[in-house]
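J.: Go ahead and model the full structure; you've got the sequences and the hints to work with.
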Amino acid sequence: MNIYDVEVALENGETYKLDKYKGKTLLIVNTATKCGLAPQFDEFQALYDKYKDRDFVILGFPSNQFKQEIDSASEAAESCRLTYGVTFPMHEIIQVNGKEAHPLFKLLTGETKGIAGKAVKWNFTKFLVDKNGEIIKRFAPTAAPLSFEDEIEKYL
1 MNIYDVEVAL
11 ENGETYKLDK
21 YKGKTLLIVN
31 TATKCGLAPQ
41 FDEFQALYDK
51 YKDRDFVILG
61 FPSNQFKQEI
71 DSASEAAESC
81 RLTYGVTFPM
91 HEIIQVNGKE
101 AHPLFKLLTG
111 ETKGIAGKAV
121 KWNFTKFLVD
131 KNGEIIKRFA
141 PTAAPLSFED
151 EIEKYL
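If you're matching positions, the sequence shown starts at 1 in UniProt numbering and goes up one per residue.
Source of the hints: derived by calculation from the structure; they are not laboratory data. Among these hints, one or two may not hold up.
As the list claims (entries may be wrong) - Mimicking SDA-like on lysine to any residue, the simulated pairs with C-alpha atoms at most 25 Å apart in a straight line are:
1) 106 with 68
2) 20 with 81
3) 137 with 12
4) 137 with 9
5) 118 with 1
6) 50 with 21
Claimed, not checked - Simulated restraints, written as ranges between beta carbons of each label pair:
7) 153 with 72: 27 to 37 Å
8) 53 with 118: 33 to 43 Å
9) 151 with 2: 16 to 26 Å
The beta-carbon is built from N, C-alpha and C at its ideal position, and this holds for glycine as well.
T.: Next up, the structure:
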């Protein structure tokens, strides 16, 4: 299985396959609106605004696995839009670790390691995927999005 075979659902429940992003550079992140790292949404949005015309997409996947997300995906997305001006795609609330982990995160964590090994340690773990669907790099939850902007630019 490659990343383009994975089906995901937007916060409104609409499903699609990630193959719609073939040829684009992706930054995939597990999010939580009540996490202390949530202000990173400002930097995500700045990167998205700067590079979206160069085929760069950020995909946000809320997770309550660390007990820092509100109850519904639509409420989480609305909070991101209102608080941080988020315009990139936000998705349904998912699990990122364990047997119930979403297939996307099983794939992402299977291909990369972080400080907690293959498991996602915390909210705001980020995964960079190149235009060919190759999972390039994992960034720690505390890594500010703007701190690896040069890395993103290499793959645009």
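J.: So, for every hint listed, does it hold in this structure?
T.: Structure-based check of all given hints:
no.: 1; hint: 106 with 68; verdict: 21 Å, holds
no.: 2; hint: 20 with 81; verdict: 23 Å, holds
no.: 3; hint: 137 with 12; verdict: 29 Å, violated
no.: 4; hint: 137 with 9; verdict: 23 Å, holds
no.: 5; hint: 118 with 1; verdict: 18 Å, holds
no.: 6; hint: 50 with 21; verdict: 18 Å, holds
no.: 7; hint: 153 with 72: 27 to 37 Å; verdict: 35 Å, holds
no.: 8; hint: 53 with 118: 33 to 43 Å; verdict: 34 Å, holds
no.: 9; hint: 151 with 2: 16 to 26 Å; verdict: 21 Å, holds
When held up to the earlier numbered hints, the structure conflicts with hint 3 and nothing else.
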